[in-house]
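Here's the letter readout for the chains.
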Amino acid sequence: MSAEVVLRTINLGKQYKKRWAVQNMNLEIHRGDVFGFLGPNGAGKSTTIRMILSLVTPTDGSVELFRHQLSTEREAALAKVAGIVEKPDFYLYLTAYRNMQIAGAMTMGKTPSRTMIMDNLQLVGLASRAFDRVKTFSHGMKQRLGIAQALLCKPELIVLDEPTNGLDPQGMKEVRDLIVRLSREHKMTVFLSSHLLNEVEQVATHMAIINKGKLVAQGSVEDLLHSKLHNVKISVLPVKKSLAILKKLKTVKDAALDGDGISALINNADIPKVVRTLAAAQCKIYSIMPQRSLEEYFLSVTEEN
Amino acid sequence: MMNLVYYELFKTYAKWRTYIGFIAVAVIIPLIMWGMHLQSGHNFVQYQLRSLQSDFLITGNLFNGWSISQIIMNSLWVHVPFLISLVAGDQLAGEATAGTFRLILIRPVSRTRILVSKYIATLFYTASLLIVIAILSLGLGLIIFGSGDLLAVDRDMLTILPEAHLWSRFLLAYSLAIWSMWVVASLAFLFSSFVENAIGPIIATMTVVVALLIISNLPVESFESIKPYLFTTYQDVWQQAFKEPTDWSHIAKSCGVLGVYSAVFYSMTWYIFKRKDILS
Ligand SMILES: Nc1ncnc2c1ncn2[C@@H]1O[C@H](COP(=O)(O)OP(=O)(O)OP(=O)(O)O)[C@@H](O)[C@H]1O
Ligand SMILES: [Mg+2]
Chain R
1 MSAEVVLRTI
11 NLGKQYKKRW
21 AVQNMNLEIH
31 RGDVFGFLGP
41 NGAGKSTTIR
51 MILSLVTPTD
61 GSVELFRHQL
71 STEREAALAK
81 VAGIVEKPDF
91 YLYLTAYRNM
101 QIAGAMTMGK
111 TPSRTMIMDN
121 LQLVGLASRA
131 FDRVKTFSHG
141 MKQRLGIAQA
151 LLCKPELIVL
161 DEPTNGLDPQ
171 GMKEVRDLIV
181 RLSREHKMTV
191 FLSSHLLNEV
201 EQVATHMAII
211 NKGKLVAQGS
221 VEDLLHSKLH
231 NVKISVLPVK
241 KSLAILKKLK
251 TVKDAALDGD
261 GISALINNAD
271 IPKVVRTLAA
281 AQCKIYSIMP
291 QRSLEEYFLS
301 VTEEN
Chain H
1 MMNLVYYELF
11 KTYAKWRTYI
21 GFIAVAVIIP
31 LIMWGMHLQS
41 GHNFVQYQLR
51 SLQSDFLITG
61 NLFNGWSISQ
71 IIMNSLWVHV
81 PFLISLVAGD
91 QLAGEATAGT
101 FRLILIRPVS
111 RTRILVSKYI
121 ATLFYTASLL
131 IVIAILSLGL
141 GLIIFGSGDL
151 LAVDRDMLTI
161 LPEAHLWSRF
171 LLAYSLAIWS
181 MWVVASLAFL
191 FSSFVENAIG
201 PIIATMTVVV
211 ALLIISNLPV
221 ESFESIKPYL
231 FTTYQDVWQQ
241 AFKEPTDWSH
251 IAKSCGVLGV
261 YSAVFYSMTW
271 YIFKRKDILS
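Protein sequences, first through last, are from chains R and H.
So the first sequence is numbered by this note's numbering: it starts at 1 and just counts up by one.
So the second sequence is numbered by this note's numbering: it starts at 1 and just counts up by one.
Excised from the complex, chain R in its bound form:
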């Protein structure tokens, strides 16, 4: 029995001018997941998150939050959602406390109580700086203040865009620990993007990998990283026809021409089935060679950039 789906994107896509920043993004996040959204720079992480949080209107597809369509029931959809997009920005000329008041008032319809604000600042270790202007805060402090203001509305889903970006190792550890605590102690569902594989591996239970705006793989961290999904090279004739067939298969990801063959991501268990499908279509398979694990695949994609 799987848990309720709290966030679902259906064929989500965004086109800037002529270029697609995100295309055919189908994600599914269940209650209680810590979902790592992994991709190299420019992969489309922030664009996807902006669409999820209603900052950007999708060119294509839709977002569903807690079973509410974002496009038609925005208020209901976002009621239990909080997030930080790209870097945490605040009204620098106001104090941390005032910023918390504003953030809270926007969600709850009334100004949050002093104890509530101070409790949340306490949680992220900023209580002593509550009445300082945010202008005087370091990047790490702003990141933590961002989390504090996000928590103010008692969200059930928190969306974080590269929350450890730009932090020193100590700051990274603090934020990661905080994310794990939110999930374990406060039972929040967390969606976090990252370009660091080891970060996702450390904190996430589920993950998706995207590259160039497209979903490459999605599943539990266990399945994806410690397994079986391999980048394989297939020598097969005729190449074009085989490629078309592979692209249609759900079990095959990221199929593309590679030299005189085809490279694709396939789960070990699915390889016999893929072979059968190709054979049934009269394609001649000369060899199938595992090249890299998903991890190596991701690293190579990152290096390309």
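No lab work stands behind these hints: they were computed from the structure.
If you're wondering where the values come from, they're calculated on a predicted model, not measured in any experiment.
Mixed in with the good hints, there may be bad ones.
[Claimed, not checked] Straight-line C-alpha distance at most 20 Å; calculated SDA-like pairs for lysine to any residue:
#	chain 1	residue 1	chain 2	residue 2
1	R	Lys87	H	Glu196
2	H	Lys276	R	Lys248
3	R	Lys80	R	Glu185
4	R	Lys248	R	Ile271
5	R	Lys135	H	Ser280
Put chain H with the ligands on the given structure of chain R with help from the hints.
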């Protein structure tokens, strides 16, 4: 909703740029008065009265707090739109620059409500600036130059407006000035929705206001036909408060046109803001 407006007002008045306007008028108005006082502004009135003095005997103090207030209202006409666009042009663009749209527009509050509260805060600021101008110029004027009747010049006609009615006339004049400055505020607010930096809206608003003011006031034949369509043509409606008898239908018509302009500018802002992708 009240809460949203409260925080928009709070944000507006917590920014230091908001006080540039207040500081500017707090410097300029006493400066003008000081200058007038030194010059002993009687010259000014005497200049206007030249033709009359031969025929009439004028008694009492015609150069007083009321008349100086009127002079100040007349001379701040380009200045005040600038001070207004400084704040109004920053309302939306400023949040884009600071990245704080990412903070507030992901909340379960509709963009329409956020926009309305920002617009109310903008109108409130505009009104507060004019009220400060009114209090400063009338207050200081009456203290320094004393009270008396007001000499109103209407083309070639001179009318003496009795002191007793001047409070209500100035109340009307300033209310009309607020109403007409709301058009400028709405225009700056509209420009503010286009861009991510407040400089653009300020320059754009000033360019439009100055250009239209020139067209409205140039006695050029070919402009006559477009003048009725420019909001600047109606912005001197406050001067009607000093006409005797008061031409209410003129006032109503001008206010109507100005109101339509504000409404159109606001609606355009709403249309753009509702659909805008927040990329900052
Ligand atoms: N405002 C924009 N106009 C045009 N193209 C854009 C815009 N914003 C993003 N893009 C393009 O969309 C693609 C995805 O960008 P996005 O910011 O979503 O990537 P990202 O995964 O968040 O990257 P990073 O790790 O650098 O934050 C990029 O190729 C980028 O060039
Ligand atoms: Mg990004």
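Q: Verify the proposed pairing of R:Lys87 with H:Glu196, using a straight-line Cα cut of 20 Å.
A: Holds, because 17 Å separates the two Cα atoms, which is no more than 20 Å.
Q | Hinted pair R:Lys80 and R:Glu185, Cα distance within 20 Å | A | Since the Cα atoms of R:Lys80 and R:Glu185 sit roughly 17 Å apart, the hinted pair holds (cutoff 20 Å).
Q) Are the Cα positions of H:Lys276 and R:Lys248 separated by 20 Å at most? A) Measuring from Cα to Cα gives roughly 36 Å; hence the hint is violated.
Q | R:Lys248 paired with R:Ile271 [C-alpha distance capped at 20 Å] | A | 15 Å, holds
Q: Measure nothing beyond the straight line between the CA atoms of R:Lys135 and H:Ser280; if it is 20 Å or shorter, mark the hint as holding.
A: Roughly 19 Å separates the two Cα atoms, so the pair holds.
Violation of the numbered hints given earlier is confined to hint 2; every other hint is satisfied by the structure.
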